[in-house]
Amino acid sequence: MENLIALLIAAPLLGAAVLLVGGRRLDAVGHWIGTLLSTVSFVFGLILFVDLLGKGAEHRTLIKHLYSWVPVAGFQADVTFRLDQLSMTFVLLITGVGSLIHLYSVGYMEHDERRRRFFGYLNLFLAAMLLLVLADNYLLLYVGWEGVGLASYLLIGFWQHKPSAATAAKKAFLVNRVGDMGLSIAIMLMFTTFGSFAFGPVLNHAGDASEGKLTAIGLMLLLAACGKSAQVPLQSWLGDAMEGPTPVSALIHAATMVTAGVYLIVRSGAVFNAAPDAQLAVTVVGAVTLLFGAIVGCAKDDIKKALAGSTMSQIGYMILAAGLGPIGYVFAIMHLVTHGFFKAGLFLGAGSVMHGMNDEVDMRKYGGLRTYMPVTFITFGLGYLAIIGFPGLSGFFSKDKIIEAAFAKGGTEGWILGGAALLGAAITAFYMTRVMLMTFFGEKRWQPDENGHEPHPHESPRVMTIPMILLAVGSVCAGGLFSIGDRFLHWLEPITGHSEGNSPLSAAAVTGATMVCLVIGVGIAWAQYGRGPVPVVAPRGSLLTRAARRDLLQDDFNHVVLVRGGEHLTRSLVYVDHTLVDGVVNGTAAGFGGLSGRLRRIQNGFARSYAVSMFGGAALLVAATLLMRAV
Amino acid sequence: MSFPLLTATAALPAIGAVATAAVPAAQRTAAKWLALLVSLATLALAITVLVRFDPDGARYQLTESHAWIKDFGVRYDLGVDGIAVALLALTALLIPFIVLAGWHDADPLETGSKRWRPTQGFFALILAVEAMVIISFEATDVFVFYIFFEVMLIPMYFLIGGFGDRAHEHGEKAASTQRSYAAVKFLLYNLVGGLIMLAAVIGLYVVAGNFSLPEIVQARANGSLHMATSTERWLFLGFFFAFAVKAPLWPLHTWLPNAMQEATAPVAVLITAVVDKVGTFAMLRFCLQLFPEASKWATPAILVLSLISIVYGALLAVGQRDIKRLVAYASISHFGFIIMGIFAMTSQGQSGATLYMVNHGISTAALMLVAGFLISRRGSRLIADYGGVQKVAPLLAGTFLIGGLATLSLPGLAPFVSEFLVLVGTFARYPAIGVIATFGIVLAALYTLVLYQRTMTGPVKPEVSAMPDLRARELVVVAPLIVLLIFLGVYPKPVTDIVNPAVKQTMTDVHKTDPKPSVEAAK
Amino acid sequence: MNPVNYLYLSALLFTIGATGVLIRRNAIVVFMCIELMLNACNLAFVVFSRMHGNLDGQIIAFFTMVVAAAEVVVGLAIIVSLFRTRHSASVDDASLMKL
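Going line by line, the protein sequences match chains A, B and C. In terms of UniProt numbering, the first sequence is numbered consecutively and its last residue is 631. In terms of UniProt numbering, the second sequence is numbered consecutively and its last residue is 523. In terms of UniProt numbering, the third sequence is numbered consecutively and its last residue is 99.
There may be inaccurate statements among the hints.
[Claimed, not checked] With a straight-line cut-off of 30 Å between C-alpha atoms, the simulated DSS-like cross-links for lysine-lysine are: (1) A:Lys-213 to B:Lys-516; (2) B:Lys-504 to B:Lys-516; (3) B:Lys-296 to A:Lys-213.
[To be verified] Derived, one-sided and incomplete: chain A residues facing chain C with beta-carbon distance under 10 Å: (4) Gly-605; (5) Phe-606; (6) Ala-607; (7) Arg-608; (8) Ala-611; (9) Val-612; (10) Phe-615.
In case anyone wonders, no lab produced these hints; they're calculated from the structure. Glycine residues also receive a C-beta, built at the ideal position from the N, C-alpha and C atoms.
Whenever a hint applies, use it, and build me the whole structure from the sequences.
Here you go:
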């Protein structure tokens with residue numbers, strides 16, 4: 001059974017290799033090869049899942065040692081996989097949602113001449129993401145971590161001829177690299193502290209290390225998580241990443257890759273549990289981001305960017321929950337899974353809308369689409385209800401639990417974090433209702449594009465709607481399936497641990513407050529966008545709106561401080577290298593050159609002047625000899 | 001007496017160089033094939049060395065020893081340890097690719113140009129460099145090493161000064177001026193380094209009475225050879241200076257960008273991937289072993305210089321407008337990592353540094369050679385002259401990207417393993433330096449991706465719209481390098497197994513042990 | 001007779017020769033002056049030989065004569081070819097050897 005774990009990764013890796021090396025010959029079948037291998041991986045995952053379910057809770061960790069990767073005195077990195085309840089959850093999410101999105105892409109990318117390559121990249125992503133969650137040590141995890149970064153880079157920049165796509169891809173990779181620095185340093189710290197960076201030694205002995213070291217490790221892991229999961233202050237890349245094809249946004253930038261940070265923190269729970277300061281930092285980052293993303297989501301008119309803001313905000317919830325420690329780990333993962341369903345569904349819905357609207361992304365140019373795209377409307381609608389936490393749908397269960405857990409943290413912190421989470425729920429309801437109303441309700445606001453083509457909204461082909469329907473089913477049912485009887489809790493508890501905390505509010509009170517927030521959010525959105533017509537040209541808006549449209553000025557800050565500053569720095573360094581470092585050398589050379597130029601004058605070519613100097617020299621020698629003798 | 005395998009490995013390219021040079025002028029194609037065959041045969045010999053080498057055996061293996069200049073105690077002593085074997089194999093591996101990549105670099109120019117480009121000479125010089133590099137990896141006699149360390153400069157000088165890129169933005173005359181400037185700069189820098197080393201070599205002889213590396217090391221270890229602290233430091237500095245110029249270490253680096261910029265791409269690879277490695281290799285072999293105490297004394301300063309190299313090289317790479325200069329500054333940054341790993345004085349650092357030398361050779365070769373193919377198509381080295389190449393030549397762009405990703409040490413590709421080992425090894429002893437060096441990985445991503453974005457993506461520029469994709473010969477050059485990058489990234493064990501025992505020996509020589517973790521959890 | 005007087009003569013001849021080398025332009029004259037200096041030296045050697053009572057100085061004198069003869073051969077050849085190319089025997093006209 002353990003061998004299946006390796007095959008789980010091998011299948012999409014093989015797909016990537018075949019599709020990328022295979023060349024044009026495979027253009028006709030490439031997309032099906034990619035989809036098939038991703039599904040094969042999903043089937044392997046299911047088999048393993050059934051196998052795990054058949055075992056007792058304490059025997060559900062499978063370890064597969066493949067080979068010794070980097071053996072250097074004292075430094076042992078192995079290629080070893082660990083499949084336990086946590087990674088199993090991710091495997092099913094990744095391969096399941098991944099396969100659906102492969103299927104969807106068959107239709108979405110139909111007219112792209114580089115479709116085979118697209119599927120190659122998608123398979124590469126799956127392999128890297130599976131490696132990330134299956135690795136048994138942090139260094140191998142790092143390989144998956146950067147592997148998904150690479151796949152994300154390639155896919156964001158898939159339409160490379162667009163400079164904006166190329167820039168967005170580069171930006172995503174660079175910002176992620178800053179996070180990777182954190183992961184590198186965390187691994188180094190682990191190595192110097194524990195003499196190892198495998199999960200077993202580090203997590204089992206975390207309690208033996210000094211709190212200072214653990215806090216440092218925790219903060220570095222948090223930095224890594226911020227980069228990968230688009231958390232403040234490293235969130236700026238996610239909005240731009242929407243330049244990639246929509247299935248990519250659904251799979252990588254909503255359902256799976258961006259949640260890797262949550263995985264990292266939950267996986268390293270033992271380190272964080274012993275480092276309260278690091279935990280506090282995690283919760284603060286989560287709370288800030290969930291508000292930040294939500295505010296940005298409110299102001300965007302680009303449907304994908306609005307959803308990207310929402311992703312940021314929802315991951316903020318997860319990070320917040322993960323920062324709460326054992327009270328929140330399970331719920332962070334549960335929200336991650338339900339979010340995987342409904343956010344992927346929402347993105348695929350957005351893709352379907354764009355597909356029918358000549359790739360228009362501005363919601364102000366949508367309107368009234370519900371009659372033209374009924375399937376898209378219904379699946380999107382279910383995803384919408386799930387994300388705002390409509391009672392009974394999956395978001396309701398998972399988000400509610402996080403808000404409860406935030407209050408359960410206790411003390412002032414608990415009130416602040418819980419309050420932020422509640423406020424976030426209200427804003428979520430607002431911006432998602434806004435998206436829904438602007439897209440599917442109201443009057444038509446379509447305009448011909450610059451070539452004069454009037455859009456003809458139409459429903460997408462079956463190959464695209466089937467994944468959307470399946471994801472909608474997931475968005476509706478997953479929450480209930482997980483929560484009723486605390487199934488998910490019992491499943492994950494052996495790995496993450498769980499404690500109830502002591503909430504100042506009862507569960508019912510929190511649920512009630514959440515419902516009130518939901519109603520307020522939906523109500524305000526309806527008042528603004530449902531009652532009257534939506535202007536096609538965005539109004540100027542308040543200061544906050546304008547700032548939110550520009551991602552709360554983070555990019556401007558980055559531009560002025562990092563880009564400009566960096567440019568000045570490198571330019572002046574180039575100057576210094578040329579004039580100063582090189583100048584010293586060239587100066588020395590010029591000095592010698594000048595000196596020899598002077599000396600050269602003596603060599604005037606006249607034999608008699610040479611003779612004079614000869615005689616002069618001889619005379620001097622004789623004089624010197626005589627002088628020496630006299631002395 | 002057994003077959004002198006090491007001598008043969010060095011002698012074969014030397015004889016090949018003479019033979020190639022002797023091919024009549026009309027038969028230039030024959031000369032190329034001869035050079036390629038000789039380099040492949042050398043590779044076969046190097047593989048034999050690799051196979052015959054037993055990592056767990058004696059320190060120096062396949063040794064040969066003959067008296068040479070009796071009056072001065074100079075002996076023709078050869079022998080290889082794990083580090084030397086790895087670099088020997090790297091050199092022998094890269095030369096066939098360099099020859100193949102430079103297949104047309106020394107063809108006569110189109111009629112009307114007066115520049116004389118002797119094809120035979122080009123390939124003969126490459127083989128000559130190979131022979132000299134190989135023998136300097138093999139020499140265990142300081143004097144023999146010194147001779148070849150220096151003689152190497154002569155063929156390199158002609159390779160840099162005599163053969164440049166076909167096209168130049170300022171015309172042929174400016175090109176030739178800049179070429180000679182670069183070549184003379186290369187020569188002068190390295191000659192100064194060499195002269196100072198010569199003084200140190202003589203000083204070593206005066207103190208030790210012979211030139212044999214193993215004998216001196218042993219005599220120092222068992223106390224029969226005493227060196228005053230100041231003497232040891234001066235001698236160390238003499239040796240180190242020469243190697244730091246060659247490596248190159250900041251602030252002695254400025255010859256490298258000029259040389260790499262003006263040389264053709266294969267020669268640039270020869271400089272940075274092969275010849276420069278002699279410098280870092282010699283630090284590990286001569287500086288640390290002959291002068292362990294002085295090495296430890298100088299460590300803080302050297303670490304700071306290497307840290308500056310890492311950050312400074314990367315920052316300058318970001319600011320470059322010329323593709324080859326960019327790669328040159330990136331190399332300076334990477335050499336910073338190598339030197340840092342050597343002087344971190346930990347097993348991880350030194351194993352990582354050795355591995356880094358091998359991996360950097362392969363990754364720079366991949367990136368630079370593809371860049372050379374790109375430049376030869378458009379006839380410009382300026383980044384701004386490209387754009388959208390990905391659309392017209394996807395294979396070229398793809399291989400360029402992989403070379404770039406290797407340069408930025410993407411996990412899964414070979415350089416990652418070595419870079420991480422160096423970082424961990426440094427961090428274990430000097431956390432602050434390790435952390436600052438980690439910034440290098442962000443900067444590496446910056447210069448690589450900016451380069452890729454500006455040249456390969458975006459709208460297709462009219463000038464590149466007719467650019468052909470990689471040809472079969474070029475693919476034969478690039479594909480094996482990429483396969484190797486991936487293989488050594490996924491499975492570096494073959495190299496680390498060879499290197500580890502040698503590193504352990506070196507660590508013993510400098511009397512250093514790895515720092516212990518604060519929580520003993522690995523057991 | 002006091003041999004020291006011969007030394008004075010030798011010094012005088014040497015000085016005359018040296019002055020000639022320095023102030024005359026004609027290559028032939030310069031050449032003759034060099035011969036004069038050489039012979040002044042020879043004279044000194046022979047005198048020293050006599051004064052010290054051994055043959056070393058005379059042997060050196062013979063060496064000098066042989067070298068001087070060779071020098072005459074080479075020197076005259078140079079002067080002749082110089083005259084052929086430049087139509088002048090002035091040493092100042094042969095100043096091409098400067099940088």
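Just to be careful, I want the Cα atoms of Lys-213 of chain A and Lys-516 of chain B compared with a cutoff of 30 Å; is the pair within it? holds (15 Å)
Given hint Ala-607 of chain A near chain C, where the shortest CB pair must fall under 10 Å: holds (4 Å)
Check the hint pairing Lys-296 of chain B with Lys-213 of chain A against an upper bound of 30 Å on the C-alpha distance. Answer holds: Lys-296 of chain B to Lys-213 of chain A is near 28 Å, not above 30 Å.
Next item in the hint list is Arg-608 of chain A. Is there a CB on chain C closer than 10 Å to its CB? holds (6 Å)
If you draw a straight line from the CA of Lys-504 of chain B to the CA of Lys-516 of chain B, is it 30 Å or shorter? holds (16 Å)
Once the shortest beta carbon distance from Val-612 of chain A to chain C is found, is it less than 10 Å? Check passed: Cβ of Val-612 of chain A comes within 6 Å of chain C, closer than 10 Å.
Once the shortest beta carbon distance from Gly-605 of chain A to chain C is found, is it less than 10 Å? For Gly-605 of chain A, the interface hint holds, since the closest Cβ of chain C sits about 3 Å away, which is under 10 Å.
Against chain C, with CB atoms and a cut of 10 Å, does the hint on Ala-611 of chain A hold up? With Cβ-Cβ at 5 Å, under 10 Å, it holds.
Under 10 Å, Cβ to Cβ, is where Phe-615 of chain A needs to be relative to chain C, so tell me if that hint holds or is violated. Given a least distance of 6 Å, the restraint on Phe-615 of chain A holds.
Report holds or violated for the interface hint on Phe-606 of chain A, using the least CB-CB distance to chain C and a cut-off of 10 Å. holds (5 Å)
Violated hints: none; the structure is consistent with every hint.
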